[in-house]
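Anchor point for the sequence shown: position 130 equals 130 in UniProt numbering, and the numbering is continuous, going up by one each time.
Read the hints as simulated data drawn from the structure, not as lab findings. Keep in mind that the hints are not guaranteed to be accurate.
Unchecked claim - Label-pair restraints from in silico Cβ distances:
hint, residue 1, residue 2, range
1, A34, L78, 25 to 35 Å
2, V63, F39, 16 to 26 Å
3, T84, E142, 14 to 24 Å
4, G15, L130, 25 to 35 Å
5, V164, N98, 13 to 23 Å
6, E172, T129, 40 to 50 Å
7, L152, E172, 34 to 44 Å
8, V164, G118, 32 to 42 Å
Stated by the list, open to error - Below, a list of computed lysine-lysine pairs in the DSSO-like style, where the Cα atoms sit at most 27 Å apart:
hint, residue 1, residue 2
9, K154, K170
10, K154, K138
11, K144, K154
12, K154, K141
Quick caveat, the model's predicted, so the values are computed rather than measured. We put the CB at the ideal spot given by N, CA and C, even for glycine.
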Amino acid sequence: GIGAIIGTGVLVLTGLVAARDAGPAVIFSFMIAAIVCGFAALCYAEIASTLPVSGSVYTYSYVTIGEFVAHLMGWTLLSVYVVTTAAVAGGWTGYFHNLVSGFGIEIPKSLLTIPTQGGIVNLPAVIITLIITWLLSKGTKESKRVNNAMVLIKIGIVVLFISVGIFYVKPENWIPFAPYGISGVFSGGAAVFFAFLGFDALATSAEEVKN
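Please model the complete structure; the sequences and the hints are all you need to start from.
The following block contains the structure:
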């Protein structure tokens with residue numbers, strides 16, 4: 001839900017896509033991604049209300065198309081969650097390292113990177129993944145409180161950033177508005193699509209939720 005949507009996508013991708021792909025026109029990249037994602041969300045809403053069971057895309061594909069396609073969708077979904085978890089956990093490591101460095105605590109680089117990057121293990125990523133896995137294993141009710149608290153914190157950060165940043169807006173920085181052209185805007189839209197994901201995870205818990 002919101003806990004997944006307001007996260008790495010909004011807090012990290014916005015600046016990255018603006019610098020690399022779209023420039024100030026990143027706002028249109030978000031609009032394009034929102035429209036596309038909105039159609040997908042409507043499909044989820046329609047099918048999830050018709051088939052309120054666990055399984056999400058796997059179950060929907062199984063019922064509407066067949067077992068083979070459902071098999072492919074199931075493994076695809078599993079791969080997406082694995083890659084997304086690794087990406088978010090890796091990004092969290094960077095923030096955690098910056099935080100503890102501010103207190104004079106230095107973590108060896110070998111414990112911050114994976115073997116292919118010259119390290120041993122990304123220890124902070126492993127630890128946060130294990131903690132969240134344990135929390136989720138406790139059930140929906142137990143993890144809901146933590147998720148709600150994190151959502152409030154993240155919404156507060158976004159509101160604070162906007163409230164303070166609005167006084168430092170410099171229109172001259174908006175020129176050129178789309179430095180990489182229309183192709184950059186659409187390329188940015190594909191990248192920021194990640195920022196809207198999260199609603200799909202709700203469907204996997206449809207069977208556990210009342211009303």
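Consistency of the hints with the structure:
1. Between A34 and L78 the beta carbons are some 26 Å apart, a value that agrees with the proposed interval 25 to 35 Å.
2. Look at V63 against F39: about 20 Å separates their beta carbons, and that is inside 16 to 26 Å.
3. Range check, T84 to E142: about 23 Å between beta-carbon atoms, so the 14 to 24 Å window is met.
4. Checked against the given bound of 25 to 35 Å, the beta carbons of G15 and L130, roughly 29 Å apart, stay inside it.
5. As the Cβ distance of V164 to N98 is approximately 20 Å, the hint placing it in 13 to 23 Å holds.
6. Between E172 and T129 the beta carbon distance is about 43 Å. The supplied range of 40 to 50 Å therefore holds.
7. In this structure the hint that L152 and E172 lie 34 to 44 Å apart at CB holds, the actual value being about 36 Å.
8. Range check, V164 to G118: Cβ separation about 38 Å, and the 32 to 42 Å hint holds.
9. Straight-line distance between C-alpha atoms of K154 and K170 comes to about 25 Å, which keeps the hinted pair within the 27 Å bound.
10. Distance restraint check for K154 and K138: the Cα-Cα separation of roughly 23 Å lies within the 27 Å cut-off, and the hinted pair is therefore satisfied.
11. This hinted pair checks out: K144 and K154 have alpha carbons roughly 15 Å apart, not beyond 27 Å.
12. With a CA separation close to 20 Å, the supplied pair K154 and K141 stays within the 27 Å bound.
In the structure shown, no violation is registered for any of the earlier numbered hints.
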